[in-house]
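Construct all of the structure, not just a fragment, from the sequences and the given hints.
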Amino acid sequence: MPPAAATNLGYTPPDGGWGWAVVFGAFISIGFSYAFPKSLTIYFKEIQEYFSVSYSEIAWVSSVMLASMYAGGPVSSILVNRYGSRPVVIVGGVLVCTGMALASFGTNIIHLYLCVGVIGGFGLAFNLQPSLTIIGTYFQVKRPMANGLAMTGSPVILSTLAPLNQFLFDSFGWRGSFLILGSIVLNCCVAGALMRPVNKSIPRKTIDESSKCESEAQEHAAAEDTTTHSDNLQTEDQSESKGHSFVQKFIDLSLFRHRGFLIYLIGNVVLFFGFFAPVVFMAPYAKHQGIDEYSAAFLLSIFALADMFIRPTTGLVGNTKWIRPRIQYFFSFAVSYNGVCHLMCPLASGYTGLVVYAVFFGLAFGMLSALLFEVLMDLVGAPRFSTAVGLVTIIECGPVLLGPPMAGALVDYFGDYKYIYYACGVFMLVSGIFFFVMHYYNYKKLDEERGKSKAMETRNSDEAVQLKMNQADRTMNETDE
Amino acid sequence: MKLLWAVTALLLSCWRADASTAGFIKSPLSQMKLTNDSGELHCEVVGNPIPEVQWWFVEGEEPNETFTQLFDGARNDRVKINATYIAHATSTIHLTSLTLEDSGTYECRASNDPDRNELKKTPKIKWIRSQANVIVIETPNIHTEPSEVTNQTSAVLSCNLTDAGMSSKGSHWTFNGKIIESSKKDGNTHHTTHKLEKITHANSGKYECVFLTDPEVKQTIEVRTLPHVAAYKHSEHGNENDKVVLVCVSHGYPLPTDWLWFKQNDEETQVSITNGTEKYEIKNTPNKTSLTINNLNIDSDLGHYICSGSNELGVATDKINLRVRSRLAALWPFLGIVAEVIILVTIIFIYEKRRKPDEVNDDDDSGSAPLKSNSNANHKDKNVRQRNSN
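Chains as they are written, first to last, in UniProt numbering: chain A, 1 to 481; chain B, 1 to 390.
Derived from the structure by calculation, the hints contain no laboratory data. Among the hints, a few may not be true.
Claimed, not checked - 20 Å max Cα-Cα, derived DMTMM-like pairs, lysine to aspartate or glutamate: (1) B:243 with B:299; (2) B:279 with A:49; (3) B:263 with B:318; (4) B:233 with A:170; (5) B:243 with A:170; (6) B:33 with B:163; (7) B:33 with B:59; (8) B:169 with B:115; (9) B:243 with A:49; (10) B:243 with B:216; (11) B:233 with A:46; (12) B:233 with A:49; (13) A:45 with B:242; (14) B:288 with B:216; (15) B:26 with B:37; (16) B:33 with B:148; (17) B:198 with B:148; (18) B:126 with B:115; (19) A:45 with B:236; (20) B:319 with B:222; (21) B:243 with A:457; (22) B:169 with B:236; (23) B:279 with B:301; (24) B:184 with B:214; (25) B:288 with A:49; (26) B:319 with B:266; (27) A:445 with A:457; (28) B:283 with A:170; (29) A:45 with A:57.
Said to hold, decoys possible - Short derived list, chain A residues pointing at chain B, Cβ under 8 Å: (30) 66; (31) 183; (32) 187; (33) 256.
For each residue, glycine too, the CB sits at the ideal point set by N, CA and C.
The structure is reproduced here in structure tokens:
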């Protein structure tokens with residue numbers, strides 16, 4: 001019997017059990033990483049008046065924090081590769097807490113940039129990557145579901161933090177609030193403590209033993225296939241380049257020769273230009289249409305609510321046997337749907353139109369976010385995911401930071417918000433179509449390679465059987481003589 | 001020889017024809033103005049070479065007309081002439097502080113004839129002229145009742161146009177420059193009223209009744225009240241050793257001319273000093289005042305602060321309650337949550353250690369060391385290559 005295709009993990013992920021506690025921990029960690037920079041904006045007006053600086057100077061705090069979070073990606077990857085997820089998350093939590101505590105004693109705006117921006121951003125980076133990585137180690141079959149659930153942390157924690165921040169601000173002022181927020185973020189350490197390293201002593205189950213019903217086997221096969229074969233091709237590259245350089249030990253740069261990774265990277269860079277700008281400009285656009293402030297803020301709440309519910313749902317859908325093997329197409333669909341949504345936005349008139357848009361956009365945004373890291377895991381496999389996500393975040397840094405200011409420049413130049421939506425819609429539609437085309441080609445190639453490697457394996461096993469038979473003959477002959 | 005003369009004459013006439021005579025592209029317009037108003041007449045002339053433009057004032061009837069030329073600064077500097085000579089000639093004459101004597105015919109004269117200022121030749125032939133009539137009438141008297149409203153709870157404003165000769169197309173009222181839509185009336189009205197049910201700071205200001213005659217006439221009635229002073233926030237917080245800004249704004253007409261701040265200590269009031277100390281800083285504008293208190297002290301700076309704004313009619317005040325938070329106020333929740341986190345982390349680690357101490361590997365993430373396992377079910381297949389993985 002030919003040895004079954006080795007999974008890239010070398011063990012069977014539990015797909016449950018303590019895994020769900022890990023998902024909860026990731027939920028908290030990811031939630032804080034994404035929601036924290038956004039929720040700090042509530043304090044900006046007060047801090048701006050306190051330090052007597054301009055609005056753009058105070059907005060830099062958020063940008064520096066986001067930039068550090070993305071730039072800290074590779075550092076985080078190296079540490080996770082070396083030490084595992086748990087210590088990194090705990091250190092990350094402590095870093096953010098220290099950053100916020102120091103910031104509460106700040107005397108000028110530079111102090112804030114350093115403490116909240118740099119230290120806080122790095123701490124959040126140390127929260128984000130390991131959480132995503134550890135889900136990959138705990139789940140294989142139910143991974144899209146786990147990812148979807150973990151990513152739900154972002155809207156949930158944002159909607160909790162926003163009113164909480166307001167309350168803290170009213171009770172304690174911005175300095176006291178920063179101190180208390182630092183302690184709240186320290187709960188990421190609790191999340192980190194939950195991230196027990198997965199037990200690798202249970203060996204990988206072969207396909208025959210693992211399941212009784214056909215559908216589960218199909219799921220297994222399907223789940224393993226894409227990750228296995230994309231990785232199989234790269235193992236040769238990997239073993240060649242191993243030991244080449246010191247850097248190679250910590251960051252797997254051979255990923256840049258990985259076809260799936262390159263597709264993901266290129267598509268994402270284009271996508272991220274148009275990803276965040278519509279969220280940032282939703283309230284100003286509403287106010288521009290003549291809607292009052294509270295209703296405009298309510299739009300954001302509707303958006304967050306739709307976002308919150310679609311993420312686990314997307315995870316569930318992505319887990320089904322029809323979607324899982326071709327999950328890349330699902331992702332491409334999500335991206336294109338985003339694009340179409342934005343292109344249709346200028347057609348929305350009046351408050352009801354905007355509410356409908358907010359709902360659809362919330363669904364689109366959530367779908368994309370839930371799948372964002374799942375598809376990367378699917379493409380590069382769990383062992384190299386940590387490095388991959390580090391590289392991806394540092395390259396995405398550019399579009400993420402440039403996107404909203406560019407959109408703002410568009411508004412200033414044209415004086416109308418609809419051009420942002422057209423531009424963002426075009427960006428996302430283009431990357432969606434790019435994903436569709438490239439993944440069709442990629443899947444075809446993967447199928448070809450799978451066919452070839454299966455043929456090779458049968459040939460190898462036939463040769464092995466032949467060899468054994470020859471040996472048996474020879475021994476028989478020898479014993480005879 | 002004759003041919004030569006003919007050709008020369010033709011050439012001369014051609015050359016002459018290059019020069020076009022002056023012609024008006026814009027003529028001054030006749031208008032009716034009120035005394036003390038200002039008016040302007042505008043004139044534009046084309047021609048090659050560029051014509052010169054002059055303004056003349058015509059008095060009397062034909063044939064005994066008297067012509068007076070107007071210069072910049074004439075009539076006691078009430079006349080201003082602005083002329084440009086680029087591509088074509090334009091000239092504008094401004095008349096300010098019109099009197100009844102300014103009525104008459106104004107003539108815009110232009111000529112590009114090189115001989116135009118020759119006194120030996122008759123000027124009429126060489127200047128083109130365009131006239132406009134300016135009629136200055138006495139500003140009609142509008143009788144307002146009352147002439148101004150001071151400190152009343154309600155009022156009826158009325159305007160009466162005494163000059164019955166003028167015909168009007170309608171009338172309306174404006175409030176602080178904006179037309180009150182509901183006050184518009186059509187027809188030849190000489191009398192209009194506007195009712196103010198309840199006078200508050202919101203509707204105090206300058207009311208104007210406007211009669212749509214030719215030209216328009218209007219009169220202003222001022223409605224004055226006590227100032228309305230309100231604090232931005234009635235309850236303010238400040239942090240110890242930090243600074244806080246208390247703000248009061250005012251609405252109404254007229255806006256306060258003086259602002260004062262007091263700190264209330266048990267029914268007796270104290271005056272705070274402006275800008276003199278490092279503790280207090282007061283910034284005033286007619287509709288807003290702000291008091292900045294530096295270096296807050298938790299004992300002495302606590303309490304009520306009163307801002308008072310005064311205008312010619314009276315004084316209005318509002319009260320702000322200042323609370324000073326102690327520096328350590330935020331520290332207790334911080335320490336509480338940190339303690340909670342430490343307890344939770346400890347519980348999780350202890351649970352982990354006690355539950356399955358034999359199956360849990362603490363530092364196996366580098367993966368290179370062989371796995372230690374005491375588990376009963378020994379599934380390890382030694383042929384399976386353990387890859388360095390996370």
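Quick rundown of the hints versus the structure:
With a C-alpha separation of about 15 Å, the suggested pair residue 243 (chain B) and residue 299 (chain B) falls inside the 20 Å cut-off, and the hint holds. Pair hint residue 279 (chain B) plus residue 49 (chain A) holds up; C-alpha atoms about 19 Å apart against a cutoff of 20 Å. With a CA separation close to 12 Å, the supplied pair residue 263 (chain B) and residue 318 (chain B) stays within the 20 Å bound. Simply put, residue 233 (chain B) and residue 170 (chain A) have alpha-carbon atoms about 12 Å apart, close enough for the 20 Å limit, and the pair holds.
Straight-line distance between C-alpha atoms of residue 243 (chain B) and residue 170 (chain A) comes to about 16 Å, which keeps the hinted pair within the 20 Å bound. Pair hint residue 33 (chain B) plus residue 163 (chain B) holds up; C-alpha atoms about 15 Å apart against a cutoff of 20 Å. For a cut-off of 20 Å, the pair hint linking residue 33 (chain B) to residue 59 (chain B) stands: about 18 Å separates their Cα positions. For a cut-off of 20 Å, the pair hint linking residue 169 (chain B) to residue 115 (chain B) is broken: about 51 Å separates their Cα positions.
Annotation: proposed proximity of residue 243 (chain B) to residue 49 (chain A) holds, straight-line Cα distance about 12 Å (limit 20 Å). Proximity of residue 243 (chain B) to residue 216 (chain B) is assessed by CA-CA distance (about 55 Å); at most 20 Å being required, the pair is judged violated. Among the hinted pairs, residue 233 (chain B) with residue 46 (chain A) is consistent with the structure: their alpha-carbon atoms are about 15 Å apart, no more than 20 Å. For the hint linking residue 233 (chain B) to residue 49 (chain A), the alpha-carbon distance of about 16 Å falls within 20 Å, and the restraint holds.
A threshold of 20 Å between alpha carbons decides the hint, and for residue 45 (chain A) with residue 242 (chain B) the separation of about 17 Å falls inside it, so the pair holds. As the CA atoms of residue 288 (chain B) and residue 216 (chain B) are separated by approximately 36 Å, the hinted pair breaks the 20 Å bound. Restraint check for residue 26 (chain B) and residue 37 (chain B): the C-alpha separation of about 24 Å exceeds 20 Å, so the hint is violated. Restraint check: the Cα-Cα separation between residue 33 (chain B) and residue 148 (chain B) comes to about 27 Å, which exceeds 20 Å; the hinted pair is violated.
About 16 Å separates the Cα atoms of residue 198 (chain B) and residue 148 (chain B), which keeps this hinted pair within 20 Å; it holds. Taking the CA atoms of residue 126 (chain B) and residue 115 (chain B), the gap is about 8 Å. The hint holds against a cut of 20 Å. Taking the CA atoms of residue 45 (chain A) and residue 236 (chain B), the gap is near 16 Å; set against the 20 Å cutoff, the hint holds. At most 20 Å may separate the alpha-carbon atoms for a hinted pair to count; residue 319 (chain B) and residue 222 (chain B) exceed this at roughly 29 Å.
Restraint check for residue 243 (chain B) and residue 457 (chain A): not satisfied, since their Cα atoms lie roughly 77 Å apart, outside the 20 Å limit. At most 20 Å may separate the alpha-carbon atoms for a hinted pair to count; residue 169 (chain B) and residue 236 (chain B) exceed this at roughly 55 Å. As the CA atoms of residue 279 (chain B) and residue 301 (chain B) are separated by approximately 10 Å, the hinted pair is consistent with the 20 Å bound. At most 20 Å may separate the alpha-carbon atoms for a hinted pair to count; residue 184 (chain B) and residue 214 (chain B) meet this at roughly 17 Å.
Distance hint between residue 288 (chain B) and residue 49 (chain A) is fulfilled; the C-alpha atoms sit about 17 Å from each other, no more than 20 Å. Only pairs whose Cα atoms come within 20 Å are accepted, and residue 319 (chain B) paired with residue 266 (chain B) is accepted, the gap being roughly 14 Å. The hinted pair formed by residue 445 (chain A) and residue 457 (chain A) meets the criterion: a straight-line CA distance of about 18 Å does not exceed 20 Å. Distance restraint check for residue 283 (chain B) and residue 170 (chain A): the Cα-Cα separation of roughly 25 Å exceeds the 20 Å cut-off, and the hinted pair is therefore not satisfied.
Taking the CA atoms of residue 45 (chain A) and residue 57 (chain A), the gap is near 11 Å; set against the 20 Å cutoff, the hint holds. Checking residue 66 (chain A) against chain B: minimum C-beta separation of about 25 Å lies over 8 Å; hint violated. A least Cβ separation of about 4 Å between residue 183 (chain A) and chain B falls short of the 8 Å threshold, and the interface hint therefore holds. Because the beta carbon of residue 187 (chain A) sits about 6 Å from the nearest beta carbon in chain B, less than 8 Å, this interface hint is met.
For residue 256 (chain A), the interface hint is violated, since its Cβ never comes within 8 Å of a Cβ in chain B; the closest pair sits about 20 Å apart.
Hints 8, 10, 14, 15, 16, 20, 21, 22, 28, 30, 33, counting from the list given before, are not met by this structure.
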